[in-house]
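Residue numbers (our numbering), protein chains in the order written: chain A, 1 to 227; chain B, 1 to 227.
FYI, nobody ran anything at the bench for these hints, they're computed from the structure. Watch out, some of these pointers could steer you wrong.
The list cannot tell twin chains apart, which means a pair is met if one copy fits it or any two copies do.
Unchecked claim - Distance condition first, Cα-Cα at most 35 Å in a straight line; then the derived DSBU-like pairs of lysine-lysine: (1) Lys195 - Lys40; (2) Lys195 - Lys179; (3) Lys107 - Lys68; (4) Lys23 - Lys40; (5) Lys195 - Lys45.
2 protein chains.
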Amino acid sequence: MSVESITLYACKVELALVEAGAKYTRYEIDMIRKPEWYTKVHPLKKLPAIVYGGPTAPLEDPSPASAKLVESLVLLEFVADLFPALLPADPVSRARARLVMDAIASKLTPVLHDFGFEGDVSLDALFTACEAFQALLPPDGFAVGQWSITDAVVAPFLGRVDAMLRAGQGRYSPENGEKAYKELFQSERFARLQKYWKDLSSRESWKSTFDEKFIIDYQRPFVPTRA
Amino acid sequence: MSVESITLYACKVELALVEAGAKYTRYEIDMIRKPEWYTKVHPLKKLPAIVYGGPTAPLEDPSPASAKLVESLVLLEFVADLFPALLPADPVSRARARLVMDAIASKLTPVLHDFGFEGDVSLDALFTACEAFQALLPPDGFAVGQWSITDAVVAPFLGRVDAMLRAGQGRYSPENGEKAYKELFQSERFARLQKYWKDLSSRESWKSTFDEKFIIDYQRPFVPTRA
Ligand SMILES: [Ca+2]
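Throw the hints in and build the complete structure from the sequences for me.
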């Protein structure tokens, strides 16, 4: 199975592709002003997407023979089907990986997102959600032991919150931003989460796909930023 | 891998187990008054659940060595990991199966549910959602060709709407109930959906797991019923 012609748009999925050692061509699409031709990838212009298989074709004119896939969790499962090392092998561990993904997507990432971008999440709610996630982590290693697509689901959100808090970017008061950073990234209460985040963010996959300066600058026009 | 000790609670997942030919012990839990001991299966008493592996133990006192799994989509993937015939083999087809599951869970089943149980969905919205699902179906066969866990996601909802409309059960006007039944289950517009539903509901897996009379009677105290 060749993965030469994987084409993708976005961070969670790219993290998985890098961890897998997949060969792919990366394209960035302006999320705000998506180009017209992008309907050839998805009629509703959904992002991220993977264009897979079929003959090599220009980005703006994908081959009708290639599969166009969307929905980040579906894409992550797809990458893990192509590269089985990205999920544990036994069915019970795979189920636990999916349960943790489900908990992250339904309970953690909406809170992290809303704390930063909506400003309608209290410190208490933020800490409670992070504590619940921390409680799911095993004593060592990644979310389900080995690095898996489960970690790809949470990494972009932790990375963004970390970067935004340090840049003073977000719809929270400066005081709450400082408190949130100290608690989440420096206090004893979140020691396990900090170790997890350090392990995740020191991997080559993270360092090669996450561009902190680009993200902070990109968000500057839309999100209040201290400096 | 033995599945002798699978224990489960609910319809989607049971459908998949029957299709797989799995051996399992079935338990029914009162959804309204969940028993106290059920916290041993899930701390928040989530349903459905599968208790898998470990030594045989009484329902009320599951072995700490068994895995306790919840979330119906996670359970369906678990059953498909145990019995690979329940999903296509190639990664692109598996991704399409998951995209259709995602569309069903986010766009179709909430509308079917709310039409029947909340009464706040117009006939137009109901038909539009069903038409969008019908458009995802291939010309023949099941949601992704072969019977798959994708079909298990939609079957209990179609079956319930079919049964409730015939029994005049639901929070819609008698007039709208009649119109909905004629359109969805008898009109040319939904011919493909009707063929799909006929194929699904004539399978042994459906006939042996869906108890129409039980469901209508069970819902009678909560949902307005004509007869
Ligand atoms: Ca899934």
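Results for each hint:
1. Lys195 - Lys40: Between copies only: 31 Å across, 42 Å inside.
2. Lys195 - Lys179: within (19 Å within a copy, 59 Å between copies)
3. Lys107 - Lys68: So Lys107 and Lys68 pass the 35 Å test inside a copy (29 Å) and across (20 Å) alike.
4. Lys23 - Lys40: For Lys23 and Lys40, only the intra-copy Cα distance (22 Å) is at most 35 Å; the inter-copy one is 45 Å.
5. Lys195 - Lys45: between (37 Å within a copy, 31 Å between copies)
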